[in-house]
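Student: Using the numbering used here, you'd call the opening residue of the sequence shown number 7 and step up by one each time.
No false leads were slipped in.
Calculated cross-link-like contacts (lysine to any residue; reagent style SDA-like; alpha-carbon spacing at most 20 Å): (1) Lys-103 - Leu-60; (2) Lys-103 - Gln-63; (3) Lys-223 - Arg-240; (4) Lys-853 - Val-793; (5) Lys-151 - Thr-112; (6) Lys-151 - Arg-132; (7) Lys-219 - Glu-259.
Derived CB-CB ranges, DEER-like: (8) Thr-735 - Asp-581: 34 to 42 Å; (9) Lys-700 - Tyr-755: 24 to 32 Å; (10) Asn-635 - Leu-678: 32 to 40 Å; (11) Arg-38 - Glu-376: 54 to 62 Å.
Simulated from the structure, these hints should not be mistaken for lab results.
Built from N, CA and C at the ideal position, the CB exists for glycine as well.
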Amino acid sequence: MHILRRDKKEEEEGGGNPFHNLEKTTVLQEARTFNETPINPRKCAHTLTKVLYLINQGEQIGTTEATEAFFAMTKLFQSKDATLRRLVYLGIKEMSKIAQDVIIVTSSLMKDMTGKEDQFRGPAIRALCSITDNTMLQSIERYMKQAIVDKNHAVSSAALVSSLHLSKGSHEVTKRWVNEAQEAVSNDNVMVQYHALGLLYHIRKHDKLAVTKLVAKFSKQSLKSPYAYCLLIRIASKLIEEEGAGSDSPMFEFIEGCLRHKSEIVIYEAAQAMVNMKETTAKELAPAVSVLQLFCSSPKPTLRFAAVRTLNKVAMKHPAAVTACNLDLENLITDQNRSIATLAITTLLKTGSESSVDRLMKQISSFMTEISDEFKIVVVQAIQSLCLKFPRKHSVMMNFLSQMLRDEGGFEYKKAIVDSVITIIEENPEAKEAGLAHLCEFIEDCEHAVLATRILHLLGREGPRTPTPSKYIRFIYNRVILENAAVRAAAVTALAKFGAHCEELLNSCIVLLLRCLLDTDDEVRDRATFYVDTLKEKQKALNSAYILNGLQVSVIGLERALHQYTLEPSEKPFDMKTVPLASQPITEQRVQAVREPGETTAPKATDKVAASRQDVYAEQLARIPEFANLGALFKSSTPVELTESETEYVVRCVKHTFPHYIVFQFDCTNTLNDQVLENASVHLEPSDGFEVIKYLPCPKLSYDTPGTTYTLVRMPDEATQVTGTFSCTLKFVVKDCDPNTGEPDEEGYEDEYVLEDVEASVADHVQKVMKPNFGASWEEVGPEFEVEDTYSLSTMKTLEEAVTNIIQCMGMQPCERSDKVPEGKNAHTLYLAGVYRGGHDALVRSKLAMSEAGITMQLTIRSTDQSVSEVLASAIS
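Generate the whole structure from the sequences, applying the supplied hints.
Tutor: Structure (structure tokens):
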């Protein structure tokens, strides 16, 4: 017993792994023992295990070292030891990826594959297929066909799975094994049947009709393997998705019929497939939900977990469909498995009614201390959703979240709570004061500087606009006294915002900021000095520009513009209007980057700062010599499809707006495999005043390889003439080619393809900017170039529809959450902010009123230029 205790302690301390301190060089030296005569099976097996361990741990073994070890390992075929031989098969599979001349063991493997030892035949097939290439496949084809229909189940399964791997690179050869695979599907063994069906599907998956027949055939036969049934369900659900068929499809009937299968695996797979379908209604989901409800009371924890997790997914789209399971879900709150309990409570939070909120909160509190931070975050997100669903219950849930803030927890957990409280504050104005109060209490003891600075930023933005802003000053100034430099700097900025927005607090804020001038950190001192001098001027325009509403420029664009300014000395001061505006960061996967004409792969952005789509386009357009002198890129539109996705040529357009030009970027794809297009360009018929300057054709458009062509257009000199419609025609030279080789003919002929029209709209000349304090910005711009007009929006039925259309027409950013229309309201005010081409600030106040006659809108536009106000006013008409 003492020895057992010691072993357990060693395992807990991480000492239970005998290979944890292996060195590659030492192990490869030991591998030389494979060459010894006679072979010591036990010693060689131990050494080979070490080699396999190193490879599977990601250890990089060089080609020369791997080849030496591989050739030494081939000597082990002389041993008849079963354990060593199976380790050799594993070694061959792993080493085949890095060693050279591995084909040397083919004869030995084929001998084992066709031998009498059944325990060697299956592993030998797997190892042989891992080293076989297309040229050798013909020589083993006969043996593979025999192995697929072998009476030994292990051999048959090994052959089927190996064939499946081979089909990825040699589809034409494995396609000839379809008869053997069909015979194997009728095998009594459940795994052989499953693997055979998988091989059949992969052979036929590119032929939709053949796959449909496959499902139809085996759905009527009585398969013995539950795994085969699960695979059949997945194939059927994929067909339904591809065809866009709904519950009328015979495939759907098959899946629904599987809900009555005797195997629990098949039943759950069918329910899961129905839940994941896009177009299903709550009524169609009812049978699946009923089955999952039964699983909720299963004695097996795996089934309970699977059921509640799937019901949780259903609750996101069809909460009403899960309501019938609420009693079963409430019973799972006390489940011994905390994962099941967490999923149950989060599902209840999504499906519960307003009257059940208080009871649910009490039930949650009983087990919150027993679960990990990861599950607590899931609960927090569910509470956030419930609070947005029932805004009148915000006080109960806010109190619960504030209690969670006071409990122990890591950064991610506390961040999730803070994020949820901020979201509730932003979405529900009634919850603002309570939420800010809870956050103020939290930062008194907050140990995470990132969260403290975020909350201080929120206090600076929302606090001054509450009925009693003075009560937040104490919490903010405490941070100046007690916290680190980063938090102190954020607190100084928050104090300045209170002083800039609230005249009654101005003098008090200046006094507090004066005390910060002696701070030990230079960032804090600099901020305090700047804010004190600005506030003492007592000018609303200065407060708005430099305190309440910060710079809206792109950091990468600013850096590039400043660098360019230093390279070309000028007597003129640096103009901030030449710097591109900030836009939303996007991931590399979402960037359809600009390409050189004819370029087929998108170069990656190298900026360390998160680059926006605008920054990527600006950098790469500048690489094209014809566009290098157009000035700073002002805006790039979202792509517009100019063809249907099923047509022979697929084209989409991105509009790049410069100070005096528009560059039309056309991304083209040739979907015909028997044609190559050369010298492809899109010709435009411009509107009045617009002038086509240059076409940059795409040299070559091969099959299914995207290419890009550009058209450069000069805008009219008239400032108010900014919109137009352009007829588009894709012109090119067609050369027929061999579909297999892609080699084009020498001679071609000219052809053209008519595309959809492209429109240059007012929105193409406006960049969205966020103004945290719209009122201050409105006063800052002033009424000098104000334009006001009244419109009747007769075609729009609701205020929500009117708001959406106005934002789209203007191309501007909604401010202060004014794009959300409160329920039951007949009047609403929409605030929009943007910057017009040329760096002119533009603000729009749209007052909407709905009556029986329709929607009436009073539109007021302020900008720093008269023509800008007139252009924006014309966008609505």
